[in-house]
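Let's have the full structure, built from the sequences with the hints guiding it.
Protein chains: 2
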Amino acid sequence: MDNRPIGVFDSGLGGLTAVQKLMEELPDEDIIYLGDTGRVPYGGRSKETIIKYARQDIAFLKSFDIKAMVIACGTVSTTALGEIKDDYNLPIIGVVGPAVKKAVEVTRNKKIGLIGTVASINSRAYDRLILEKMPEAEIFSAACPLLVPLVENGRINRGDIMIETAVREYLEPIKAQGVDTLILGCTHYPLIGEVISDYMGEGVTLISPGAETASYVAKLLGERGLSAESGHNNKYRFFVTDSVDEFSKAASLFLKKNVQGEVNKADLSIY
Amino acid sequence: MDNRPIGVFDSGLGGLTAVQKLMEELPDEDIIYLGDTGRVPYGGRSKETIIKYARQDIAFLKSFDIKAMVIACGTVSTTALGEIKDDYNLPIIGVVGPAVKKAVEVTRNKKIGLIGTVASINSRAYDRLILEKMPEAEIFSAACPLLVPLVENGRINRGDIMIETAVREYLEPIKAQGVDTLILGCTHYPLIGEVISDYMGEGVTLISPGAETASYVAKLLGERGLSAESGHNNKYRFFVTDSVDEFSKAASLFLKKNVQGEVNKADLSIY
Numbered sequence: 001m002d003n004r005p006i007g008v009f010d011s012g013l014g015g016l017t018a019v020q021k022l023m024e025e026l027p028d029e030d031i032i033y034l035g036d037t038g039r040v041p042y043g044g045r046s047k048e049t050i051i052k053y054a055r056q057d058i059a060f061l062k063s064f065d066i067k068a069m070v071i072a073c074g075t076v077s078t079t080a081l082g083e084i085k086d087d088y089n090l091p092i093i094g095v096v097g098p099a100v101k102k103a104v105e106v107t108r109n110k111k112i113g114l115i116g117t118v119a120s121i122n123s124r125a126y127d128r129l130i131l132e133k134m135p136e137a138e139i140f141s142a143a144c145p146l147l148v149p150l151v152e153n154g155r156i157n158r159g160d161i162m163i164e165t166a167v168r169e170y171l172e173p174i175k176a177q178g179v180d181t182l183i184l185g186c187t188h189y190p191l192i193g194e195v196i197s198d199y200m201g202e203g204v205t206l207i208s209p210g211a212e213t214a215s216y217v218a219k220l221l222g223e224r225g226l227s228a229e230s231g232h233n234n235k236y237r238f239f240v241t242d243s244v245d246e247f248s249k250a251a252s253l254f255l256k257k258n259v260q261g262e263v264n265k266a267d268l269s270i271y
Numbered sequence: 001m002d003n004r005p006i007g008v009f010d011s012g013l014g015g016l017t018a019v020q021k022l023m024e025e026l027p028d029e030d031i032i033y034l035g036d037t038g039r040v041p042y043g044g045r046s047k048e049t050i051i052k053y054a055r056q057d058i059a060f061l062k063s064f065d066i067k068a069m070v071i072a073c074g075t076v077s078t079t080a081l082g083e084i085k086d087d088y089n090l091p092i093i094g095v096v097g098p099a100v101k102k103a104v105e106v107t108r109n110k111k112i113g114l115i116g117t118v119a120s121i122n123s124r125a126y127d128r129l130i131l132e133k134m135p136e137a138e139i140f141s142a143a144c145p146l147l148v149p150l151v152e153n154g155r156i157n158r159g160d161i162m163i164e165t166a167v168r169e170y171l172e173p174i175k176a177q178g179v180d181t182l183i184l185g186c187t188h189y190p191l192i193g194e195v196i197s198d199y200m201g202e203g204v205t206l207i208s209p210g211a212e213t214a215s216y217v218a219k220l221l222g223e224r225g226l227s228a229e230s231g232h233n234n235k236y237r238f239f240v241t242d243s244v245d246e247f248s249k250a251a252s253l254f255l256k257k258n259v260q261g262e263v264n265k266a267d268l269s270i271y
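Chains A and B are the protein sequences, given in the same order. Numbering-wise, the first sequence is residues 1 to 271 according to the numbering used here. Numbering-wise, the second sequence is residues 1 to 271 according to the numbering used here.
Treat the hints loosely; a few may be bogus.
For identical chains, the list gives no copy identity; a pair is met inside one copy or between any two copies.
[Unchecked claim] With a Cα cut of at most 25 Å, we get these calculated DSS-like pairs of lysine-lysine: (1) LYS110 x LYS133; (2) LYS67 x LYS85; (3) LYS265 x LYS52; (4) LYS47 x LYS249; (5) LYS110 x LYS256; (6) LYS133 x LYS256; (7) LYS62 x LYS235; (8) LYS52 x LYS111; (9) LYS67 x LYS52; (10) LYS67 x LYS235; (11) LYS52 x LYS249.
Derived from the structure by calculation, the hints contain no laboratory data. Model, not experiment: these values are computed from the prediction.
Set out below in structure tokens:
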């Protein structure tokens with residue numbers, strides 16, 4: 001038993017979709033969430049800048065006595081994690097591994113689609129891990145830079161011409177290849193799961209890395225004896241780097257429920 | 001005569017649209033440009049964060065021996081300039097004043113439209129200055145958070161359903177009020193001037209704050225005897241806070257010509 005908190009971070013508040021799944025899978029855990037809202041989005045930035053920001057995010061969360069760290073950010077998981085994970089004496093879990101595990105389990109025709117930010121796609125992190133686990137897989141990927149701003153502006157519903165146009169344009173070449181599995185490689189994308197699913201059709205399984213990662217973390221903590229005590233009076237703390245005022249609006253979009261927890265401002269410039 | 005450089009900054013590279021106008025108006029001037037590409041965009045961030053970032057941008061440019069500073073960023077000009085401009089012993093020119101001067105000159109029916117980022121619109125900086133100069137003016141404004149990402153993704157052409165949908169949705173209520181003048185309160189918007197003009201119709205004059213500011217700076221330097229010598233061997237220097245690799249692509253979008261100049265990386269964390 002270990003009642004120390006789990007640290008979770010994302011470039012912004014999209015990572016709360018993963019936190020929601022963690023709360024469902026692990027209702028007894030303390031969670032400390034950091035959203036770098038003062039510098040969001042990371043997805044179009046260079047690798048060197050993403051690594052620098054990720055190290056500051058990790059240093060901030062390490063300043064609490066956390067037992068594990070979840071990188072609930074597709075961009076950091078794909079672009080920075082490989083380079084930095086061995087520098088910390090702590091289990092650091094990104095979203096790539098759990099998502100790939102699921103994708104190779106569910107694909108039947110071994111044709112896997114992948115969408116993400118520019119940085120995520122350029123990193124080829126998903127490609128490398130898929131091919132390691134399934135060398136005969138074919139991977140078809142697309143960077144989708146407009147999906148994050150569209151989701152953040154609430155353009156998430158069926159019938160919205162802007163989100164439907166963007167989804168169709170980005171996914172057309174992937175659909176044309178006949179994939180039966182599509183990895184939604186950014187925490188914002190599950191919010192447009194319906195629009196994506198409508199376009200891709202029923203035969204295509206959508207993989208949500210945040211949800212897969214939550215299940216993976218639950219399993220990992222159990223195996224290592226790191227789970228919190230059942231019934232332990234756990235709490236949630238949220239940190240942002242821009243003003244805390246915007247948090248509740250975003251939380252209702254990404255967390256989909258009212259969560260009791262402190263919201264505070266973090267200063268990363270000292271790390 | 002004063003051959004010292006003019007400093008110009010923007011949250012990202014959109015401010016290069018104003019630099020282009022400065023180069024046309026003032027072909028003999030040295031220009032040092034800073035684009036905070038590691039933290040762009042500013043337009044959705046809180047006032048306190050925008051002020052903090054603006055102070056760092058200014059401190060960086062002040063470290064060169066500049067004779068004047070141009071804030072080629074609608075968001076900083078509207079949100080931070082009023083609060084910080086008296087803290088520096090230097091002419092600091094934002095885009096609001098020159099744009100408002102032009103708007104009240106050209107409007108005939110005294111109905112003025114305004115579009116900008118969320119922070120710009122919420123600041124009400126344009127509204128205050130318009131009403132100071134023309135108390136009987138009616139102002140109709142809209143925050144347009146999707147226009148910057150659409151422009152940055154090259155969705156700028158007539159016939160593009162995404163940019164046309166966004167422009168129509170944002171501008172519909174402004175057009176319905178019968179404005180005859182529309183201020184394009186963000187450096188990215190002149191790039192979709194045609195799409196906006198098509199929708200608003202021929203009777204509406206579009207005001208581009210970057211262009212008005214360039215004319216204003218030319219006049220100010222002349223009046224104060226601060227202009228560079230004619231034929232002086234001037235140069236351009238560009239700084240970004242993310243990788244320099246992306247600069248040329250963006251420069252070709254916003255600057256619309258090949259410019260010879262050094263491109264270097266700036267570290268703002270020391271300010």
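Hint check:
1. LYS110 x LYS133: within (11 Å within a copy, 67 Å between copies)
2. LYS67 x LYS85: Classified as within; 15 Å inside a copy, 47 Å across copies.
3. LYS265 x LYS52: both (20 Å within a copy, 14 Å between copies)
4. LYS47 x LYS249: between (30 Å within a copy, 17 Å between copies)
5. LYS110 x LYS256: neither (34 Å within a copy, 45 Å between copies)
6. LYS133 x LYS256: Result: close neither inside a copy nor across copies, 34 Å intra and 46 Å inter.
7. LYS62 x LYS235: within (18 Å within a copy, 46 Å between copies)
8. LYS52 x LYS111: Cα proximity of LYS52 and LYS111: none, with 34 Å in one copy and 48 Å across.
9. LYS67 x LYS52: So LYS67 and LYS52 pass the 25 Å test inside one copy only (22 Å; across, 33 Å).
10. LYS67 x LYS235: within (15 Å within a copy, 54 Å between copies)
11. LYS52 x LYS249: Answer is between: at 23 Å across copies they meet the 25 Å cutoff, but 28 Å inside does not.
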